[in-house]
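S.K.: Based on the sequences and whatever the hints tell you, model everything.
There are 2 protein chains.
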Amino acid sequence: YIGSSGLSQLNMKSFAFDLSHAPECSLQNSFVCCRIYMDYNATTPVDPEVVRVITDALTDAWGNPSSNYLPGLKARDIIYHSRDTIARMVGGKAEDIIFTSGGTEANNLVFHTAVEHFRKSKTSAQGDTNSKQLNGRGSLPHIIISSVEHDPIKLTAKHLLKEDLCGLIGPDWVLVVDVTFVPISKVTARVEVEDVIAAICPTTCLVSIMLANNETGIIMPIKDICQRVREVNKQRAASAPRILLHTDAAQKIRDGNPVDGMFQFYGPRIGALFVNDPGTTTPVYPLFFGGGQERNFRPGYDMVYCMVGFCMDDELLNRIKTSMLLILKSILLLSLYFSELRTHTWKILNVFCGNLVMCSHFLRPSHILLSCGIPYHVATNALRISVGRCTSREDVDIVVEDLRDTVEQLERMN
Amino acid sequence: YIGSSGLSQLNMKSFAFDLSHAPECSLQNSFVCCRIYMDYNATTPVDPEVVRVITDALTDAWGNPSSNYLPGLKARDIIYHSRDTIARMVGGKAEDIIFTSGGTEANNLVFHTAVEHFRKSKTSAQGDTNSKQLNGRGSLPHIIISSVEHDPIKLTAKHLLKEDLCGLIGPDWVLVVDVTFVPISKVTARVEVEDVIAAICPTTCLVSIMLANNETGIIMPIKDICQRVREVNKQRAASAPRILLHTDAAQKIRDGNPVDGMFQFYGPRIGALFVNDPGTTTPVYPLFFGGGQERNFRPGYDMVYCMVGFCMDDELLNRIKTSMLLILKSILLLSLYFSELRTHTWKILNVFCGNLVMCSHFLRPSHILLSCGIPYHVATNALRISVGRCTSREDVDIVVEDLRDTVEQLERMN
Numbered sequence: 001y002i003g004s005s006g007l008s009q010l011n012m013k014s015f016a017f018d019l020s021h022a023p024e025c026s027l028q029n030s031f032v033c034c035r036i037y038m039d040y041n042a043t044t045p046v047d048p049e050v051v052r053v054i055t056d057a058l059t060d061a062w063g064n065p066s067s068n069y070l071p072g073l074k075a076r077d078i079i080y081h082s083r084d085t086i087a088r089m090v091g092g093k094a095e096d097i098i099f100t101s102g103g104t105e106a107n108n109l110v111f112h113t114a115v116e117h118f119r120k121s122k123t124s125a126q127g128d129t130n131s132k133q134l135n136g137r138g139s140l141p142h143i144i145i146s147s148v149e150h151d152p153i154k155l156t157a158k159h160l161l162k163e164d165l166c167g168l169i170g171p172d173w174v175l176v177v178d179v180t181f182v183p184i185s186k187v188t189a190r191v192e193v194e195d196v197i198a199a200i201c202p203t204t205c206l207v208s209i210m211l212a213n214n215e216t217g218i219i220m221p222i223k224d225i226c227q228r229v230r231e232v233n234k235q236r237a238a239s240a241p242r243i244l245l246h247t248d249a250a251q252k253i254r255d256g257n258p259v260d261g262m263f264q265f266y267g268p269r270i271g272a273l274f275v276n277d278p279g280t281t282t283p284v285y286p287l288f289f290g291g292g293q294e295r296n297f298r299p300g301y302d303m304v305y306c307m308v309g310f311c312m313d314d315e316l317l318n319r320i321k322t323s324m325l326l327i328l329k330s331i332l333l334l335s336l337y338f339s340e341l342r343t344h345t346w347k348i349l350n351v352f353c354g355n356l357v358m359c360s361h362f363l364r365p366s367h368i369l370l371s372c373g374i375p376y377h378v379a380t381n382a383l384r385i386s387v388g389r390c391t392s393r394e395d396v397d398i399v400v401e402d403l404r405d406t407v408e409q410l411e412r413m414n
Numbered sequence: 001y002i003g004s005s006g007l008s009q010l011n012m013k014s015f016a017f018d019l020s021h022a023p024e025c026s027l028q029n030s031f032v033c034c035r036i037y038m039d040y041n042a043t044t045p046v047d048p049e050v051v052r053v054i055t056d057a058l059t060d061a062w063g064n065p066s067s068n069y070l071p072g073l074k075a076r077d078i079i080y081h082s083r084d085t086i087a088r089m090v091g092g093k094a095e096d097i098i099f100t101s102g103g104t105e106a107n108n109l110v111f112h113t114a115v116e117h118f119r120k121s122k123t124s125a126q127g128d129t130n131s132k133q134l135n136g137r138g139s140l141p142h143i144i145i146s147s148v149e150h151d152p153i154k155l156t157a158k159h160l161l162k163e164d165l166c167g168l169i170g171p172d173w174v175l176v177v178d179v180t181f182v183p184i185s186k187v188t189a190r191v192e193v194e195d196v197i198a199a200i201c202p203t204t205c206l207v208s209i210m211l212a213n214n215e216t217g218i219i220m221p222i223k224d225i226c227q228r229v230r231e232v233n234k235q236r237a238a239s240a241p242r243i244l245l246h247t248d249a250a251q252k253i254r255d256g257n258p259v260d261g262m263f264q265f266y267g268p269r270i271g272a273l274f275v276n277d278p279g280t281t282t283p284v285y286p287l288f289f290g291g292g293q294e295r296n297f298r299p300g301y302d303m304v305y306c307m308v309g310f311c312m313d314d315e316l317l318n319r320i321k322t323s324m325l326l327i328l329k330s331i332l333l334l335s336l337y338f339s340e341l342r343t344h345t346w347k348i349l350n351v352f353c354g355n356l357v358m359c360s361h362f363l364r365p366s367h368i369l370l371s372c373g374i375p376y377h378v379a380t381n382a383l384r385i386s387v388g389r390c391t392s393r394e395d396v397d398i399v400v401e402d403l404r405d406t407v408e409q410l411e412r413m414n
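Residue numbers (full-length UniProt numbering), protein chains in the order written: chain A, 1 to 414; chain B, 1 to 414.
These are calculated hints, taken from the structure and not from any lab test. Mixed in with the good hints, there may be bad ones.
Copies of one chain are not kept apart here, so a pair can be met inside one copy or by any two copies together.
Heads up, simulated DSBU-like pairs for lysine-lysine below, C-alpha to C-alpha not over 35 Å straight-line [as the list claims (entries may be wrong)]:
(1) K120 / K186
(2) K186 / K74
(3) K120 / K158
(4) K93 / K186
(5) K74 / K120
(6) K223 / K234
(7) K158 / K74
(8) K186 / K223
(9) K74 / K234
(10) K158 / K93
(11) K74 / K223
(12) K234 / K186
(13) K93 / K74
(14) K234 / K120
M.R.: Shown next, in the form of structure tokens:
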């Protein structure tokens with residue numbers, strides 16, 4: 001149990017001891033008088049204007065969007081406007097936006113589409129003499145991702161690889177993929193364009209590299225990768241599948257350059273996949289089947305109450321775009337490491353983070369930081385501090401002061 | 001364009017003519033002074049108490065549920081309590097509830113699980129002498145559904161069948177299923193237990209029959225089907241897969257008898273799948289991969305703002321349970337059919353339904369009504385009227401009066 005007296009009045013050593021016996025949720029019982037949110041990179045508070053429009057929608061737009069009476073028409077109107085706003089956000093057409101339940105689903109839809117796309121390409125190329133190169137291990141759909149992707153990308157890839165390793169499917173290629181995890185540069189923490197291009201083989205059907213990393217804020221060279229992959233596609237044999245390009249843009253919305261897969265900032269969570277002419281220029285193979293919503297690319301009841309947060313005018317849109325850039329540019333990664341206190345440091349950080357400052361820390365060293373070449377013991381004690389548009393200069397001063405106190409106390413104990 | 005004068009003052013014939021040229025959404029421009037909602041079976045308004053808790057959650061519980069600071073802890077608390085409420089609603093354990101984005105996803109998860117379950121059973125039975133019976137067409141996973149299932153069930157089944165018909169996969173059994181659509185009785189509009197049991201074959205891996213029909217309100221004999229299928233499972237050869245049982249309970253929540261797949265009434269839409277000991281007693285194979293939410297059975301960010309509508313006390317829970325039964329028992333199906341006006345009747349109904357009374361009508365005859373043996377022309381002009389807990393006796397009187405006026409006008413024109 002954590003007392004109500006605040007971090008500075010506690011004896012650090014006994015405190016760490018107490019925490020180790022306390023259930024994780026005991027923080028809930030603590031009296032918190034001063035809390036500063038600095039974890040905008042994990043999630044953002046909901047904008048009061050968004051709360052207002054959602055409340056209105058719950059009262060007025062509760063109808064089935066396919067019905068012809070007012071609460072349904074209002075719901076339909078919300079879907080139309082949200083789609084339009086997102087299209088303007090990414091610089092695409094409204095028809096190119098497919099709403100999903102979130103980024104995880106959007107990313108899984110992309111992987112599923114890539115595998116199906118490969119399967120259909122292979123079927124249509126049957127009888128072609130070039131298709132001989134697609135035998136053995138080389139007949140698996142091949143996917144390229146970076147080694148620092150977000151979980152929904154990394155784990156989907158690993159799951160598909162594991163299916164293969166389990167040997168449950170045998171020599172069948174339908175449900176398995178071959179994946180190349182392109183490492184990032186230890187200097188720039190970015191994937192190198194040349195490394196991505198070098199990984200391409202005749203069975204490559206998808207390149208999926210995140211737009212900006214969620215832990216380091218590093219922006220990947222997506223534009224250059226797109227250009228180079230397009231050149232490869234032009235020179236490809238007719239029997240090889242076209243390489244689809246995808247970027248998980250959960251952390252950043254790119255101006256004027258369409259991307260697919262994003263979260264909503266300063267609103268409730270929902271996903272949207274941007275696809276260039278879905279079903280015609282770019283294939284989309286749905287994950288579910290049902291009532292025809294989202295032109296059958298993603299059926300299921302429309303999440304009107306989440307979408308409504310997107311119904312915004314240009315001024316609010318610009319404000320939010322600027323705020324998103326601010327979040328990315330503002331990530332500060334710190335690591336407090338003292339050899340003697342090794343096992344307890346994270347618990348002390350837990351109090352620093354959980355009680356006074358709300359920011360992200362890691363119980364296990366983040367695979368992303370390790371990929372950047374950061375030593376294990378430093379990565380274990382990393383803190384991620386990120387500011388947003390509600391953060392004031394005073395907030396930053398208080399956090400810096402508090403962090404200095406924590407470090408001093410740790411040093412004294414050392 | 002529809003004028004503001006209301007149905008009773010309009011000349012029916014010219015009106016029908018006008019409507020045929022008007023875009024579908026022109027109703028939006030009409031001034032509507034008196035509207036009575038009688039389509040509770042399609043969707044329900046959001047309870048004001050639910051609007052309040054959602055607004056509170058948007059303001060206070062916007063944190064990532066896995067974080068340790070207050071807005072995250074509040075989100076975690078909402079997830080915990082919603083799961084508990086639903087478990088009490090269906091008479092199951094909290095651990096048995098898997099939240100999804102809606103009924104469509106929940107139903108698709110069940111089909112995906114059944115096919116994977118069959119695949120793994122077949123793999124583990126390899127070498128068994130009884131597995132010889134699983135050759136040729138008989139090696140496909142077999143699924144039994146009723147002929148009047150809701151779209152997410154019917155279309156998923158049809159999609160899996162179509163994959164087979166396209167011949168794109170060839171003789172591979174991984175992605176294809178064999179489906180039996182059990183017809184309903186023309187007398188009771190129910191599936192007969194004996195018909196379901198008779199359809200079972202050695203490759204049957206799933207029986208999915210809806211709890212209550214969304215158009216007729218007819219409740220299916222799920223309890224008896226469950227009991228009989230359990231007996232079949234007991235007598236099955238070790239090489240045959242256990243038959244999984246599923247019921248789409250979008251229309252009714254069953255007391256004390258666990259079911260899986262339901263929508264939320266009087267709140268925003270969300271899905272929940274009830275599974276008896278998921279991953280141990282009953283297999284669950286996820287559709288997506290990602291950040292570990294819902295114990296990896298359904299990863300993806302938690303829809304806290306939709307779940308919060310489930311955080312209710314026993315009194316509200318009982319009120320809503322009673323209301324759900326009321327909706328089911330209150331479905332009234334009417335058909336206004338006049339041979340001369342055949343092509344225009346639905347447009348007149350559109351006004352009756354869309355302008356004064358909000359209820360469901362069908363542009364094409366419903367396959368469910370046709371399955372019940374209702375003639376094509378009668379099914380085409382069917383109206384579904386359903387009341388809910390906000391419907392007053394006065395509302396019913398007004399609608400009956402208005403319906404009588406409409407019929408009289410139609411008769412005069414005939």
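S.K.: Going through the numbered hints above, which ones does this structure break? Give me the numbers in ascending order.
M.R.: Hints 1, 2, 4, 5, 9, 11 contradicted; others consistent.
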